[in-house]
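Colleague: So the chains spell out like this:
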Amino acid sequence: MDLSFALQQLVYGLTVGCLYGLLAIGYSMVYGVLRLINFAHGDLLMVSAYIGFFGIVIFNLPWPVSFAGAIALTALLGILIDRGAYKPIRKSPRINALITAIGVSFLLENLALVTIGGRPKSFPTPQFVSGSIVIGDVSIPTLSVWVFVVTLVLLAICMAVVKRTRIGMAMRALSRDMETVMLMGVDKDRVISFTFALGSALAAAGGIMWSMKYPAVEPFMGVVPGLKAFVAAVLGGIGSISGAAMGGMILGLAEVFIVAVQPEWSGYRDAVAFFLMIVILLTRPTGIMGERLPD
Amino acid sequence: MALYRDRILTVFSLFILFSFLTYADSNFGHYTLRILQNIAIFITLAVSYNLINGVAGQFSLGPNAFLAVGAYTSAIFTLSPEEKLRSFIIEPMLWPLSVISVPFAASLLIAGIVTALVAILMAMPVFRVRGDYLAIVSLGFGEVFQVLANNSMSITNGSLGLKGLYPYTNLWWSWGICVFTVFCTVRLVNSSYGRAMKAVREDETAAEAMGINAFRIKTFAFAFSAFFQGVAGGLLAHLITTISPSLFTFMFTFNLLIIIVIGGLGSTTGSIIAAILITWGGEALRFFEEPANLFGFQYDGVPGMRMVLFSVILILVMLFARSGIMGRSEFTWEGFLGWIKNKLSAMKV
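Protein sequence lines correspond, in order, to chains R and F. Counting in my numbering, the first sequence runs from 1 upward without gaps. Counting in my numbering, the second sequence runs from 296 upward without gaps.
Next up, chain R with everything else stripped away, as it sits in the complex:
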């Protein structure tokens, strides 16, 4: 494997990795606060892709408006899912919440199937993301540049919100000790809603970029990325934002490089994530950046 080939694969791997990372942050934040695997999180990627698609193709909205709308509506949906499905059972055993989350995920997928239909819709690619930049032997797709930049900006915003604002402080406190935080007069439900909104918005941004990269929008498109993003969150240490982003990168690179080194293994690409997860849970259950032990 020569250098330019390796660099080329690096570009591809990082692009996919950024998208996994964006999704993983949402999983990680919700898990950090509620100890709930939000199974429906991956499907938010699908919802946002559909909203973006309809905004552009049916309502003829300009790109930025359509994307902003998709992100805002998906964030709202995230809040609604929490209020409707998770809030009523916050006090019951965690497995019940997990079952409900699986139900919500199937509901979203099948509602999309029933109302929109199963035939994949081709997502229109805007002019400014097509083409690629060639440096030496390595060609960097313009889309990849956008994905890096958008991911880094969103990651920075997210970190700033969690580390520097009052509500971010409340989030971090909630993830440590919910009872005490409530005694301090923090409105728990507001913080949880905010967590869902933030995570869903990141998933929505990821969803739009995902459908630019793989322009087939269909009801079940969020399942596999969702599962892999969860693996990425575990990999990085669930509850940690930078860990989730890093986990996403590692997963993306691992998937791309395994296929690049051993082309005949390309069929096993989807199994890499789970293999990595099993290894990491066996050797270092708290993930790379994690602090807590899963109970």
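These are calculated hints, taken from the structure and not from any lab test. For every residue, glycine included, the Cβ atom is placed at its ideal position computed from N, Cα and C. Only true hints are included.
One side of the interface only, derived from the structure: several residues of chain F facing chain R at Cβ under 10 Å:
| id | residue |
| --- | --- |
| 1 | G435 |
| 2 | V439 |
| 3 | M600 |
| 4 | L604 |
| 5 | I610 |
According to the in silico footprint, chain R covers these stretches of chain F (three or more CB under 8 Å from chain R):
| id | segment |
| --- | --- |
| 6 | 416 to 430 |
| 7 | 546 to 558 |
| 8 | 611 to 620 |
Model the placement of chain F on the given structure of chain R, informed by the hints.
Modeller: Same frame as chain R, but now just chain F:
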């Protein structure tokens, strides 16, 4: 005395089931018989899935993996060498497998044993973690098995799948295995092993303090449940006669999860009732998805409608009726007779 009475009543109700099946076999149409067989297979699956999720309290999401292993193992062992030669067009089948062909009963037994062995191997990584991590790891295994089935061309024929299986599965096979599974599971749950599983479910640390080897008991429950899921997979394969990796997706696990949640996590009786309800109901609701002409209006049918309904039911059960139909209680003749007595005395007054 009560023990004798219960045994007689059980034998008697089995006799009623037997007579009903004899009647059904000669009088019911092909479609109804198919539904009856599906019900039996789903009871087998749900009861054994409930053992690990409800009784032992280990929330596994991987029964589709066991089902796939069982279905493939049994199918590989019943296919005739000529049929294998014809099916495996891209890559020839691995040598010893390509010439072996055994009777159906033996293939089911092998399927069960192989699946149980797979479960024992899986138990090591899976039971290192608990709770929702366990759910995700077992789900991961489900996905991995699908990828494996798609890629090991010389064993599973990849995405082409295995075709032309002889339809060995009939009413007697499916209901016979079903009754056998329920019998074994009930005996297990009422034994000291069953009580150990419940102890682990309630409090693993306390159970260990009482001298229960939690890992071993969980592995045992996992393997026991996998054995019957593997056998059920074999039955299913020889009922639909064509299997491919896309058959054993997470959708299957989701259906089983709905069944055991609606029946009441931890109740074998509940799993049986819910398996009947959901399998039969799923067929009855099929009209939603098929085109029909209603009072002159053309209704195109909406595929996916049933799954929407099932997911809503699942969410509603979790939100408002968490204990399901049976909670954790079981059917007993004692309770049943008492219930009838109550009804009768209420009618007299």
